[in-house]
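Engineer: Start from the sequences, fold in the hints, and give me the full structure.
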Amino acid sequence: MVLAAVNVSVKAFAQLTANGIFRGAAYGLLGVGFALILGVTGRFHFAYSFTYTLAAYMSFTFWDRSGLNFYVASVLGILFATAMGVSIERYVYRPLATRAGATALLAVFVASLGIGIAGENVIRLFWSSQSQAFGGPGAGPQQEVWHLWGHHVNFLNLDVYQTASAFVLVLALAAVLRFTGLGRQIKATRVNPDLATIIGINANTVYLICFAIGTFMAGVAAFWYGIQFTVEPAMGQRPVIFAFVVAFLAGTASGPVRVLMTGILVALIEQWSSMFISVRWTQTAVFVILLAYLISLSLKGSNLLRWLKLPARA
Amino acid sequence: MQIWLNYLDQILIYVSLALSLNLLLGYAGQVSVAHAAFGAVGGYAMGYVVTAQGWSFVPAVLLGAVLAGIAGVLVSLAAMKLSVEYLILLTLAVSSVIIGVFTTFPQLGGSYGLIGISGITIFGWHMTKPSDWVLPTLVVAIVVYATCWRLGESAFGRVLKGVREDPTATQALGKNVFGYKVAVFGITSGLAGLAGGMYSGWLGLATPGVYGFAFSLTIFAMVIFGGMANLTGSVLGAAIVTLLEPVLRRAIKIEASRAALIQLIVYGLALVVLMRVRPQGVLPEGRTLRSYVIRRTKQARVEMSAEWVPENVVAATHVDVAAHEEQDRRELRWRDAPVVLVADGVTKRFGGIVAADDLHIELRKGTITALVGPNGAGKTTVFNLLTGFIRPDAGSVKLNGVELVGKNPDKVARLGLVRSFQDVRLFQRISCLENVSLAVQHQYGENIAKLFLGPTQVSRRDAEVREKAMEWLRFVGMSNFADVPTGSLSYGQSKLVSLARVLATDADVLLLDEPASGIDTKWVDTMLDMVEAVRNQGRTVCIVEHNLHVVGRLADHTYFMELGQITAAGTIDELTNSPRLAEAYFGTA
Chain A
11 MVLAAVNVSV KAFAQLTANG IFRGAAYGLL GVGFALILGV TGRFHFAYSF
61 TYTLAAYMSF TFWDRSGLNF YVASVLGILF ATAMGVSIER YVYRPLATRA
111 GATALLAVFV ASLGIGIAGE NVIRLFWSSQ SQAFGGPGAG PQQEVWHLWG
161 HHVNFLNLDV YQTASAFVLV LALAAVLRFT GLGRQIKATR VNPDLATIIG
211 INANTVYLIC FAIGTFMAGV AAFWYGIQFT VEPAMGQRPV IFAFVVAFLA
261 GTASGPVRVL MTGILVALIE QWSSMFISVR WTQTAVFVIL LAYLISLSLK
311 GSNLLRWLKL PARA
Chain B
-15 MQIWLNYLDQ ILIYVSLALS LNLLLGYAGQ VSVAHAAFGA VGGYAMGYVV
35 TAQGWSFVPA VLLGAVLAGI AGVLVSLAAM KLSVEYLILL TLAVSSVIIG
85 VFTTFPQLGG SYGLIGISGI TIFGWHMTKP SDWVLPTLVV AIVVYATCWR
135 LGESAFGRVL KGVREDPTAT QALGKNVFGY KVAVFGITSG LAGLAGGMYS
185 GWLGLATPGV YGFAFSLTIF AMVIFGGMAN LTGSVLGAAI VTLLEPVLRR
235 AIKIEASRAA LIQLIVYGLA LVVLMRVRPQ GVLPEGRTLR SYVIRRTKQA
285 RVEMSAEWVP ENVVAATHVD VAAHEEQDRR ELRWRDAPVV LVADGVTKRF
335 GGIVAADDLH IELRKGTITA LVGPNGAGKT TVFNLLTGFI RPDAGSVKLN
385 GVELVGKNPD KVARLGLVRS FQDVRLFQRI SCLENVSLAV QHQYGENIAK
435 LFLGPTQVSR RDAEVREKAM EWLRFVGMSN FADVPTGSLS YGQSKLVSLA
485 RVLATDADVL LLDEPASGID TKWVDTMLDM VEAVRNQGRT VCIVEHNLHV
535 VGRLADHTYF MELGQITAAG TIDELTNSPR LAEAYFGTA
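Same order as they appear, the protein sequences are chains A and B.
With positions in the first sequence counted from 1, the corresponding number in this note's numbering is that position plus 10.
FYI, this note's numbering numbers position 210 of the second sequence as 194, with every residue one higher than the one before it.
Be a bit skeptical, because a hint or two may be false.
Stated by the list, open to error - Here chain B is said to cover these stretches of chain A; the calculated rule only asks that three of the stretch's residues, wherever they fall, bring their Cβ under 8 angstroms from a Cβ of chain B:
(1) 28 to 39
(2) 118 to 126
(3) 257 to 267
Treat the hints as calculated values from the structure; they're not laboratory data.
Ideal Cβ positions, reconstructed from N, Cα and C, are used throughout, including at glycine.
Structural biologist: Given below as structure tokens:
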């Protein structure tokens, strides 16, 4: 009986795998941006969801109000959000962290919660709480349904564009980290900001760059999300929580490609699990796997080296 | 009138949630953004058994509290080894998963949640108006306050603060950090479940929206506003955050929907400003409301100038022969002393690097053994291996015949083998006295059951603990600093307090990692006097030390380590007279 069920669902499996890769690319892109910020700067940037949402709203507004070309407006919107992310680091997090010293992580986290809450509601105040169609008819790429494997696997052209842009951005970041001086500076700062400063790296500048890259990536993800669905003030919450989970599973010190792959893996687990359990349960399934994994880690108990490493990042 | 009573009910419920989160966040330092989700466990459980199973309210709420406590224990297991940023990520996920699980059950109303929880009676009293709820919510708030106060402001809470400041150092002092974390997660989640049951009863519903992530953040913000590790602060924080919306609406006279948005914007920005101007909250740790009303000037502090030297108590008691004691006399003392600790064949590899290679070490009662060797020889690794912080690949370590390999560091410490840290690792934000008090073993007030069942004993026993800790502070000459947080001490003073902390464990065997390094030369002799005084009390001491002057003065027996191996043993004179060892230690002469 199990075998029969498996046999029937080979085609469904292919479709779910495609869905998983598309959705996972979005999780992965967000996860890469978040992991870069948290891993290098140590700032728990909860307001990530605010800059994500802001990118979509500003793109929409630039296009709607100024009559600019849709793509130009979108790039401007994403850059606006990027500037916001950088300003948050420069004018809120950095002064706080300098002042708070050992408890910087918590102080920055609380402040970023504050910005996230205030930011979302500023958006509601300006644009209303209603969800809005992004792009509108005629703007942006047209939706087409593409087929693979004789109509067994269907997806939108937008899915492909979105996934491709995620891969391009992540691979570009990986290349920057690997081959350029800037990349080496970022990696050095990630390992030890104080030592990096001693050898002449301006850690503050590196932090700003990481915020710019991370926020830009989130902006691109928001753009594709907006085109496929609608924009609304709380649109950042769910995808960003997934980004947190992806960054968490991959480890914030991991390379971008690994984080992207983790994002895809999470989405694949989410999609595949729908073959065995009700669709309502799939996201929960991901979290349950995560929890079980962590509990098994802690109950192993013998790995005291990990334990010793605990307070290293105070 | 009823509307303000309604706010009072709401504040009292939020107070319960904020207090319990404060015990977890402020005292134990576990940053959780899942507190509302534990409240949801209580709220949903109560709602379900009341509406579908016909339970009465009080047992239903208690059931919810127990279930939430169990959920908290499970989360604590997952959280055990995570650093702060990962703990935030984990609790974020937990918050989603708990709410997600509830929305998948049609019995729990799916994504609409449980609505129409009505007809609640408490001991025959019908709960209909806001005024009916004042007493029950007040009782719960008082119970939660009393519980958190008892746990937080006691020996138990002292250990929680140790866990917050430095879990490794806490474990090294013999405290079962694992158990404390499980307990504090379980208890605070249970209390959140209790408050959640009350909340859902008062609201008449338990929905995913009510207990969403935003509510967790609100509770979190109350604790931050009020001040971490300050229970009165949490009461204030809950009141301020709750009253912000109605006050704003009445004061600025704007329509309700905009008021709600502006309230959230104000509240978000207030969090940012608070972190900027007063990150410790309205009432910082250790401050009471009264301390603001009655401005007691507490300026009896000793000036911490560079000129300060420790009160030289030891010098008066110690016999001044040690410095010139003959080498052979010390060798004799070592030869005759009974062996207390034996490490045999201890080996540890990290990948291809052999950090410890077939080590054989003996520590003898009432003697000082020194471990010397060049940097990177593996001396500190030996301490980690002996005390269970690193598990050896092979070999055994026996303390008075009891095998230590395989035991956790806290168990090893309780068996009487305690180590100090090269980088001191004091608990920065608590006082010297509390640092040393924490080290005292077998404290009455560390037992949760005894805390609640023997209230008179608790304070009497804790006074004894503090007196004992004070004696050790006097011993190292730091008693004038008893109330000073160790974060504001100089390095040398920190070393002295860390010595007092190790001594206060009453362990038979002390492993001191560079006790005299990094302190002012004029204190070095004082420090060495103290270590000798400890030996003269019959305790066994092992030191890791670079300074050969220190070793020459203290050591009765010396091991020389190179690249993870012990290559020589004997008196320090024998070792320093060997040209080969001198070269290994100093480089080519």
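Engineer: Of all the hints given earlier, name the ones this structure violates by number, lowest first.
Structural biologist: Of the numbered hints, just 1 does not hold.
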